[in-house]
Amino acid sequence: MTQTHTSTDISAWLIDRILFYGKAATDEVTVDTPFTELGLDSIYALTLCGDIEDFYDLSVEPTILSEYPTIRELADGLTSRLADA
Amino acid sequence: MTDEPSTLIDMLRAAASRVGDTRGIRFYESPKTSEFVGYDELDGRSRRIATALAQRGLAPGDSVVLALHPGLEFIEAVYGALYAGLSVVPAPVGGIAVSDVATEQVTNIVRASGSRAVLTHEAVTDLLSAEAGSTALADAAGVPVATISDLFAQGDADSWKAPVLNADSMAGMLFTSGSTGNPKGVIMTHGSLLACSSLCQGLLDMTTDSVFVGWAPLHHAMGLIVQAFLPVYAAADAVLTSTAQFQRRPVFWLQLMSRHHATISVAGNFAFDLCTQFATDEQISELDLSSLTALMTGSEPVRTDTVRRFVERFAPSGVRESMIMPAMGMTEAMLISAKSLGTDLVIVNADSSLLEGGTLREGSGAQTTEMVSCGPAAPLCNIVIIDPEQDTPVALAENQVGEIWITSPGASPGYWQNPEATAEVFGWKVPGDDRDYVRTGDLGALVDGELFVTGRLKDLIIIRGRNLYPQDLEASARLAHAAVGIGAAFELTGHPSDVGIVLEIDDAQLTEAGIDLVSLTTEVRAALISRYSLPSLAVAFIGEGTLPRTPSGKVKRSLTRSKLDNGELSIVHADGFAPLLQATDGAG
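Residue numbers (numbering that gives the first Met the number 0), protein chains in the order written: chain A, 0 to 84; chain B, 0 to 587.
In case anyone wonders, no lab produced these hints; they're calculated from the structure. Since we're looking at a predicted model, the values are computed, not measured. Do not rely on the hints blindly, as some may be mistaken.
Unchecked claim - Straight-line distance between alpha carbons at most 30 Å, and here's what the computed DSS-like set of lysine-lysine pairs gives: (1) K457(B) with K555(B); (2) K562(B) with K22(A); (3) K562(B) with K457(B); (4) K553(B) with K457(B); (5) K22(A) with K553(B); (6) K428(B) with K457(B); (7) K555(B) with K22(A).
Next comes chain A alone, as it looks inside the complex:
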C-alpha cells in the first residue's frame, strides 16, 4: 500500500473496527478510552491484530494493546511503524 496514513485516518479506522466487533456501544468508544474498557478480550485482541495486518500490511502482536493502551496512542504507534516500514 503506497498511500500515506495519518494518525487521524488510523484512529477512525480503529474506531470503525471496534464498533464492528459489537462489544462496545458507540458513545463508549472515544480515542482516549482505554482498550480494557472496550470489551476486547484475548480473542478480539488477536482479531484486531489480524485486521491491522490485513489492512496496513504491518505485523503486530496482541501485546501492542498494552503498549499503546488507547486508540489515539495505538494510531500514533502504528503511524510511526508504518513510516519505518
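With chain A fixed as given, assemble chain B onto it according to the hints.
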C-alpha cells in the same frame, strides 16, 4: 485390500507407499505463505530425525516432550519420535509469547511425564533467555534439549531400523489441564490411536481424495488426531493453519476450505459464531463451501442458534444444514458420538421441569429447552447412561438423564503413573457387558439412540432433589437486566444459601440504567428465585472480564467457586454469602 497397520510407523509408511508425495500436509504460517510435505517426504524426514534421536541415547519406551509451535516441524517431531519408538508428550507452548510461562509449562510436563528430552525449535528458543534459549530451557527442564534442525542435520534416513513395537506400545501422553494440583497424563497407545483413526475414517467415509482443513491446537487430542493422524491413515490431504491465525482472521478458515475444496473440517461452537459475525457479504460471495461433507462441531456444547445462524449466513456459499456434524468426545475416550454423515440435525424441545427431574422428553408447554443431539455412538463404540446416585453401576433407560459412559477401541488405557485417578475413570464394568467403560463425567440421555449432553456432572446443582443446570441460571440472570453479563452459578457449602451466582457487571449499562448494585441484586435474585423456585440465592458481582475463562471464552465454574472461597476474586458487591466474602463489600 492392504493389511491394517499395527503401529503408527506402519501407518505413515503405508501412506507413503500408496500415494508418495501426491498427498501430504500443507501448513499455512500466514494467509499468503504455506509449506507442503508429501507423505513419502515425511517418512524420509521421520527416519532421519529418528536416527538422530537414537544416536543421542533415546530408546524405545522413553518419552520426549514436544515444545514446538504449530507447523510442519511439530508434525515431523511427532513422527520422528514415533519412528524412534519414543512416546510424544506435547507441551502447550504454541502461541505463548511470554518466556517464563513457556519454560514453566515445559518443565512441569517434563516432570509429570518423566520425559528424557525436549524436542524444540528456534521459534520457541528465540523467545526464551536472550543469551542462550536452548540452554535456558535445558537448565529449567533438567533434561537435554534438541532442536529439530540439529536432529535433521545429524540424522541419516537410510540407516534407520524400525523399532520393535506393537499395538500396546505407548505412543504418547496428553496432559489435560488441571488448574490446581497434579495434571493428569492421558496415555495413548499405537493401538488406541489407530483404532480411533479407523473409526473416524469410517464415520467420515474418508478416501484418499478427502481433504481435511483445520486449525485446532496440535497439542490437544482433537487437533492431534484429526490433523496429524487421521489424514495419514486415510492417505488424504490435510491443509492446516494455527489457532492464532484463526483468531486473527476467522474468515481465513472459510477461505482455506474454499480454496482447497475441503471435504472435512472441525471447530468448536464459538468459531462458527465468530465467522457468522465477521464475514462480510463480499467475502461470502467469493466462497465456495459446497465441497464439504462434514463440518464437525465439537470440543464444546453445540448451540442450535449458532448452527442456524451459520447455515443461514453461509447458504450462498453452499453450506447446508446436513453438512454440520455435532460431535462429542474427550481426551480419555477420544470420539464418543457424532451425527451420521449427511443427515439432518436431531433437535428436541425438552420439557424444562421434566429435565429438572432427570427426564429428557419433548415438551409442548412454554418452558422448554432446545437441545441438539450429538448423534449416535461413534462407530465401534457403545454408550450407556448410568445412574450417578447409585454405588454400583445401574444402566438407565432411554430419556433418563445420567452419567455418560463409553466403551471404545480408541479409549486410553489410563493416566500415566496415577492409579487412583485411573481407577476413578477407567475400566468400569456394566452388568452383562465385559467391555471396559470410561466414565465421562458428563451428564446426558439417549433418545432413540441419539446422545443429548445436558451438562457436567460436577457442575450440576442439586436442590431438594431437583437438577438445576448452571448455564440455565446464568442465562436467566443475564436476561434479568442489561447490566448483567456472563456468570458462574454453583452449589454452595458453608454459606447461608445453597446456591450462589457470580456475575460480571457492565458498568456503562449500570450507569445508564441509573440503579445501584443493591437494587440489581434484588432484581436478579427475584428473577431467579421465582423462575427456579429457589429457597434463597447468594449473589455476587464482579468486574467485566474478570471471571476465570477457558481459551475459547467459557467461564470455569469450579475454579470460580474455589477462588470465591479463597477470597481471590475481586468482588465489587456480594449478598447472601458467608461473612468472609461480605467483608469485601465495603468498597462496592
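Handout entry: Hints not upheld, ascending by number
Key = none
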